[in-house]
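Peer 1: Residue numbers (this note's numbering), protein chains in the order written: chain W, 29 to 356; chain C, 29 to 356.
Treat the hints as calculated values from the structure; they're not laboratory data. Be aware that one or more of the hints could be misleading.
Since the list can't tell identical chains apart, any single copy or any two copies may satisfy a pair.
DSS-like cross-link-like pairs, simulated, lysine-lysine; straight-line CA separation at most 30 Å [unchecked claim]:
1) K224 / K353
2) K244 / K90
3) K353 / K171
4) K195 / K171
5) K346 / K139
6) K286 / K139
7) K224 / K178
8) K43 / K286
9) K224 / K346
10) K353 / K90
11) K178 / K110
12) K286 / K110
13) K353 / K244
14) K195 / K139
15) K241 / K171
16) K139 / K178
Letter by letter, the chains look like this.
Number of protein chains: 2
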Amino acid sequence: MSIKIGILGYGNLGKGVECGIRQNPDMELAAVFTRRDPSGVSILTEGVPVCRIDDAEQWADKIDVMILCGGSATDLPEQTPKFARMFNVIDSFDTHARIPEHFANVDAAAKEGGKVGIISVGWDPGMFSLNRLYANAILPDGKDYTFWGKGVSQGHSDAVRRIEGVKDAKQYTIPVEAALEAVRNGENPELTTRQKHTRECFVVLEEGADAAKVEKEIKEMPNYFSDYDTTVHFISEEELRRDHSGIPHGGFVLRSGKTGLNGENSHLIEYSLKLDSNPEFTSSVLLAYARAAYRLSQEGQSGCKTVFDIAPAYLISKSGEEIRKTML
Amino acid sequence: MSIKIGILGYGNLGKGVECGIRQNPDMELAAVFTRRDPSGVSILTEGVPVCRIDDAEQWADKIDVMILCGGSATDLPEQTPKFARMFNVIDSFDTHARIPEHFANVDAAAKEGGKVGIISVGWDPGMFSLNRLYANAILPDGKDYTFWGKGVSQGHSDAVRRIEGVKDAKQYTIPVEAALEAVRNGENPELTTRQKHTRECFVVLEEGADAAKVEKEIKEMPNYFSDYDTTVHFISEEELRRDHSGIPHGGFVLRSGKTGLNGENSHLIEYSLKLDSNPEFTSSVLLAYARAAYRLSQEGQSGCKTVFDIAPAYLISKSGEEIRKTML
Chain W
29 MSIKIGILGY GNLGKGVECG IRQNPDMELA AVFTRRDPSG VSILTEGVPV CRIDDAEQWA
89 DKIDVMILCG GSATDLPEQT PKFARMFNVI DSFDTHARIP EHFANVDAAA KEGGKVGIIS
149 VGWDPGMFSL NRLYANAILP DGKDYTFWGK GVSQGHSDAV RRIEGVKDAK QYTIPVEAAL
209 EAVRNGENPE LTTRQKHTRE CFVVLEEGAD AAKVEKEIKE MPNYFSDYDT TVHFISEEEL
269 RRDHSGIPHG GFVLRSGKTG LNGENSHLIE YSLKLDSNPE FTSSVLLAYA RAAYRLSQEG
329 QSGCKTVFDI APAYLISKSG EEIRKTML
Chain C
29 MSIKIGILGY GNLGKGVECG IRQNPDMELA AVFTRRDPSG VSILTEGVPV CRIDDAEQWA
89 DKIDVMILCG GSATDLPEQT PKFARMFNVI DSFDTHARIP EHFANVDAAA KEGGKVGIIS
149 VGWDPGMFSL NRLYANAILP DGKDYTFWGK GVSQGHSDAV RRIEGVKDAK QYTIPVEAAL
209 EAVRNGENPE LTTRQKHTRE CFVVLEEGAD AAKVEKEIKE MPNYFSDYDT TVHFISEEEL
269 RRDHSGIPHG GFVLRSGKTG LNGENSHLIE YSLKLDSNPE FTSSVLLAYA RAAYRLSQEG
329 QSGCKTVFDI APAYLISKSG EEIRKTML
């Protein structure tokens, strides 16, 4: 008997979940829910219905875990608590500052419905958070570093696209190799924003736009670019499509710490990701935690959880005996 | 109220645990147990008793978690089940092939005593195992690689020391950089033993020993060296002491996998450790899991667990609220 997954929201993340289900023989896609007119949405899996979000309630006993694939700005703060009353839910809520509030809302709703909700699942928050926690628990006397990239930042790409004269654009966040090396060498550097990451923009101009003016506007944009060394390349629409249509991302979580009677020994823990597709990797993490939500719910648990609360064994479709024998 | 830790076995690992306790304000060292004559064992912590292992039983209600710091060959298979009847216990049992048997023995004993036992805690098994599991759960369609080093292998150093004419020796296991790079590039190479690691020996000869004969004997030693490219350096006793007295280690766990409708996107997950002191890092991991054992026991749980069974939040001395706010 496989775990019946519902996908709510069919963008890049929802499609990633759909593809990911095919790699997990213990799961099957039950239905996709969309805000759009279902008749206009065609999905990759044959024989699976596309439904209106408003009809989701009717699926309460036909779906084991609903994966919420909406955005963190406006969708998830409303949707996750709402659907946690009816379904076991997973989301990838990534507005770090608002996690405590979101947790409280989902916790109340999930407990009311007797369901499990796992929030902020993905790689950051998600796998990066886990690695921060493990490393801090192991090396209490140490220093944390997180670097992102090389990867596409959707928010920064959007900010460039909003500039007058810009037809299209893609922005890459790039970790500064020298800063990474200083951390790896145990130098425990204090790093400014500028010292940690650079930004690289590939911009297609509208006809007749003033390149120098656009470049200046990008580089001086507060919050987004002014604290960074930014490089701007002007390219053709064709080049943008050909060379920059992917959504790669990744990054590094490091902790350097000391042990010994007088801190005489240094240690470095490093976790890194190099991802061709940010949304597909996030989807893959969501599915592993969907399995955990299903199992926890079967055990009678309810309420909101994060990756910190889930024992790793719940994530994998193998028995305890098997994983002890083959992976320990 | 702090967690009272007992240390059983006072070698490098036991000393590492003793130092580590000082970095964890929620823990205190209650007593050290040794097979030696306690009057001949001086420890680093003032006012803490050194006792005979045979007297450990009398400490049953004065110790929250006993950390077993003996060896995997003969000590732990006997000690961990024995003491799991009286104490919550943690060990670093690292004979991978015998883990299922050890788990069963500790599980039965711990359940009998109503105690929690966590076995095979450290970095491999331990943190490396966790990373294999997480990466497999996230990327079902992929390939695992583990590389060890650069680091001192105690077993290989011992093997060299047993050769006639060798006064002292140290052996380093070194990952082959080209193999690591091939994995990182997503080439999914099939690697032989020889292609993954090289071995480097630093040997002090007895006076009058035949260097060429010793070198040949090392390089042709089955299991230990014959499947590897091995380099042998002959050095003075003073050089060995000066340059090779540390116990560094580390390594890399990688998984490369594919996602997408047709596996069109590749991903790389990499976890690595660079450790100045193998035993002190292992001790630090043991302490984090001692905290978990204490908490699980407080919750009324019993039986044998591994790192796979422990939710990360149990490892750190901060509340769920705090870690969600600062680490997620």
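Peer 1: Of all the hints numbered above, which does this structure not satisfy? Sort the numbers upward.
Peer 2: 2, 4, 6, 10, 11, 12, 13, 14, 15, 16
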